[in-house]
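**Q** Letter by letter, the sequence shown follows residues -20 to -1, 1 to 134 in mature numbering (1 follows the signal peptide of the UniProt record, and there is no 0).
Hints were generated in silico from the structure; no laboratory data involved. A hint or two may mislead.
Cut-off 25 Å, straight-line C-alpha distance, at most; resulting in silico cross-link-like pairs (PhoX-like, lysine-lysine) [what the hints assert, rightly or not]:
#, residue 1, residue 2
1, K125, K46
2, K125, K107
3, K19, K46
4, K107, K21
5, K130, K19
6, K107, K46
7, K46, K68
8, K107, K19
Since the structure is predicted, the reported quantities are computational estimates derived from the model, not experimental observations.
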Amino acid sequence: MRTLILALIVCLLPPTAVIAASTAPPTINMPSLTDMLAKNKGNVLVLNFFATWCPPCRAEIPALAKIGREYADSGVRIIGFSVDDDTKSLASFVSQMGMEYPVYMVGSDIAQAYRVSGIPHNALYSKSGNLILSEPGILDAATLKSLIEKLLEH
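Make the full structure from the sequences, and use the hints.
**A** Written out as structure tokens, the structure reads:
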């Protein structure tokens, strides 16, 4: 029932964003948020929750991948979290989209723990690990770049 409700919510969300890419198969064993923040201390961290069947997600991912490549040497890390439940489909999607950042398959329990209310959902963390933004919907590439630039300056 929760899955159906989440799917309905996602379908009702207005499309709003860009697209991203990767070639490695998804990783299933996801580190905890605490571990992820500790490992990426000193980097700006973008967490993107998505599904392969979500049109706004598919639209957003290419831009995220491009931003990830553009800012990789500047200390920006993007991590994808798929709410799909088919590993093979996800692996194919990651390859097709050219997603060059880590992608984890997560269940609805993990999405709820991150307070994901709809997909796509993006969270942005500062270099010191502070949550700057966490919201559903497509995050415009220009807006994300502007936020990243400000966070890299501090």
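**Q** Next step is simple, just say for each hint if it's right about the structure.
**A** Right, here's what the structure says about each hint:
In summary, the hint linking K125 to K46 is supported, as the alpha carbons are separated by about 11 Å, within the 25 Å threshold. Between the alpha carbons of K125 and K107 the distance comes to roughly 15 Å, so the proposed pair stays at or under 25 Å and holds. With a CA separation close to 22 Å, the supplied pair K19 and K46 stays within the 25 Å bound. Under the criterion of a C-alpha separation no larger than 25 Å, the hint pairing K107 with K21 is consistent with the structure, at around 6 Å.
Note on K130 and K19: the hinted pairing holds, with a Cα-Cα distance of about 21 Å set against a maximum of 25 Å. At roughly 20 Å between alpha-carbon atoms, K107 and K46 fall within 25 Å of each other, so this suggested pair holds. At most 25 Å may separate the alpha-carbon atoms for a hinted pair to count; K46 and K68 meet this at roughly 24 Å. At most 25 Å may separate the alpha-carbon atoms for a hinted pair to count; K107 and K19 meet this at roughly 11 Å.
Hint compliance for this structure: every hint is met.
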